[in-house]
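Sequences listed follow chains A and B, in order.
If you count the first sequence from 1, position 376 lands on 376 in this note's numbering, and the numbers rise without skipping.
If you count the second sequence from 1, position 79 lands on 79 in this note's numbering, and the numbers rise without skipping.
In case anyone wonders, no lab produced these hints; they're calculated from the structure.
Hints are supplied without guarantee of correctness; some may be wrong.
Claimed, not checked - Interface residues of chain B toward chain A, partial, derived using beta-carbon atoms under 7 Å:
no.	residue
1	P101
2	H103
3	A106
4	G243
5	A275
Here the structure is a predicted model, which is why all the values come from computation and not from measurement.
Note that beta-carbon positions come from the ideal geometry of N, C-alpha and C, so glycine has one too.
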Amino acid sequence: MDLFEYQGKQFFANYDIPVSAGSAETTVDGAVTAADKVGYPVVVKAQVQVGGRGKAGGIKLANNADECREHASNILGMDIKGHTVEVVWIERASDISEEYYASFTLDRSAKKHLGMLSAEGGVEIEVVAVENPDAIAKIWIDPVDGLTEQVARDWVAAAKLNPLATEGAVDILVKLYNAYVNGDADLAEINPLILTPTNKVHALDAKVSLDNNAGFRHEWDEYEATQERDDREQQAFEADLQYVGLEGSVGIIANGAGLAMSTLDVVNQAGGSPANFLDVGGGADAKKFIKALTIIDNDPRVRSIFINIFGGITRGEEVANGIVAALGEIDLKSPIVIRLDGTNADEGRAILEPHLNEKLQMAPTMLEAARVAVSLASN
Amino acid sequence: MAIFVDENTRVIYQGITGSQGKYYAGLNKAYGTKVVGGTNPKKAGTDVDGVPVFANVAAAVEATGANATCIFIPAPGVRDAVIEAAEGGVDLIVCVTEGVPAHDEAWFFNKLQRDFPNTRLLGPNCPGIISPGKCNIGITAGHIAKAAVPGAKNVGIVSRSGTLTYQALYELKAQGIGVTTCVGIGGDPVPGTSFIDCLAAFEADVETHAVMLIGEIGGSAEEEAAEFIKTEMTKPISAYIAGQTAPAGKKMGHAGAIVSGGKGTAAAKMEALLAAGVKVGANPTEAGELMVEIVSSL
Chain A
1 MDLFEYQGKQ FFANYDIPVS AGSAETTVDG AVTAADKVGY PVVVKAQVQV GGRGKAGGIK
61 LANNADECRE HASNILGMDI KGHTVEVVWI ERASDISEEY YASFTLDRSA KKHLGMLSAE
121 GGVEIEVVAV ENPDAIAKIW IDPVDGLTEQ VARDWVAAAK LNPLATEGAV DILVKLYNAY
181 VNGDADLAEI NPLILTPTNK VHALDAKVSL DNNAGFRHEW DEYEATQERD DREQQAFEAD
241 LQYVGLEGSV GIIANGAGLA MSTLDVVNQA GGSPANFLDV GGGADAKKFI KALTIIDNDP
301 RVRSIFINIF GGITRGEEVA NGIVAALGEI DLKSPIVIRL DGTNADEGRA ILEPHLNEKL
361 QMAPTMLEAA RVAVSLASN
Chain B
1 MAIFVDENTR VIYQGITGSQ GKYYAGLNKA YGTKVVGGTN PKKAGTDVDG VPVFANVAAA
61 VEATGANATC IFIPAPGVRD AVIEAAEGGV DLIVCVTEGV PAHDEAWFFN KLQRDFPNTR
121 LLGPNCPGII SPGKCNIGIT AGHIAKAAVP GAKNVGIVSR SGTLTYQALY ELKAQGIGVT
181 TCVGIGGDPV PGTSFIDCLA AFEADVETHA VMLIGEIGGS AEEEAAEFIK TEMTKPISAY
241 IAGQTAPAGK KMGHAGAIVS GGKGTAAAKM EALLAAGVKV GANPTEAGEL MVEIVSSL
């Protein structure tokens, strides 16, 4: 779960990482009032979860209330790479001597935490990694050991930060690691981490992604509520379904994440394009199929629906009964093609047989079902 | 032969008194797995359908000689359950539970490696492991797997996905091909057992003649497997990578299945495997057909 910058800064502040005072606002008047309180000059920053805000005109400096009003009214409602700006973050402008980069993330390959620190901040780290990889000092931290102050100190030296920044940087890195681990973040990134003319080190931006699996030990309701979701994803979220919205015309339901991904693959290979990813999970509950089918059928993109089921412990006849019961309760506009295989597939197919018609077809294999679904979608 | 589990594996279930633990312990037992006990600190001394319940893993091991455990504890308790199992002295920990925080996984992976280097962890978020006809631990439907046939050309399977694994077992059975062991390593970011661990074990297993590998988008485990295959594997391999058309930046059901920053794409994984001499199918059916070709050419 990705946080907006203003949420990331709140998250950092909870772990004593120095951030600028500021306020998240949804209206122009609110932005101006907040700026008056913070004190000029202020920065007006678009809150969207996509890079390149500055280039798109989503970050502006305002020296007075009139400028703040102008920038806030331009930025609120602005479209940045398909994301509409609904919130602006107003903060006191900082004097900057130098810009650095710092982050922690999990290195899945090393199975350790990876810390990256660079004296070249303020630009995308991916660009630095390509153009000047030596400018990034990396350390791998064993989660059992954690990050000690001494290791942080050596790391700062290796990154060749301005010596004036050493104490502040060591302090922030230890706190950032603490926030990353105890806050259950997948990513905690500060870019830029700045050194001010008064030799203070300070987080000027916050990019935080949280591990949804750790929600049980945190209060993340507010973050959950503000996630960017389209209508379909919002419905699926409320129905507790594993769903990802896509742009094609074939709706997909499969049992198992791997099989669902694989279903997207075969639909593409058959010349079609999936409208979604949906893992309905194990079991054969009619209610789950009703929810899944309703969300998919409400999607105006969808022209056909491909249900791809492989019976394991859940037997084919149980799944077939679940689907038949679901179809008895809802009236769908799109035609369905079902592939049912695995445990007791024959029994399951026999249950579906009497219900087959032009809007409910069955195909013997996954590839054949994909072809039928694609051809139905193009009619 | 088989890898990691066989007819001598004696299993306990942490969380046997919960609905999932009870259900799958029962199915595994009915399959013929030596299910010797379970744990629940509050219900020690009772039994679940005749399977004795102990206070903790150490007590269960002491009383039953168990050498493996299967964890059905809810995600918040998994970190403690894994360490309890390792301290209890089992050789193999199979963690079926999904939704375990990544920081917990990274922590206990390193803790085990440091303090319990001889304990193997499989999962979390994995379907388990089956050596057909000998031992089935986890949630795989045992009857869809055909046991390895002595003297015939048998296959090993290693997979990050549950349902696709079942499909692979099913298709091999339909073709009359036996399976020595099928390992579901799970779809999380820090799996306890990697593709490479399984490939190395299959390479050393005399009864396994070929390996089927099922990967997914996200991370670089398949690329690392390809490197290993290039230098260390003599046995032929077929593979399929799910998520060839998955969009970047979206988690596809499994916590580890995400293309981020242009890394972890199916295309890069398929290319790496092809370059290592693996026969790569465009979909699971094709990978199955490639395995049939491999087996008939051996």
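A quick look at each hint next to the structure:
no.	hint	verdict
1	P101	4 Å, holds
2	H103	6 Å, holds
3	A106	5 Å, holds
4	G243	4 Å, holds
5	A275	18 Å, violated
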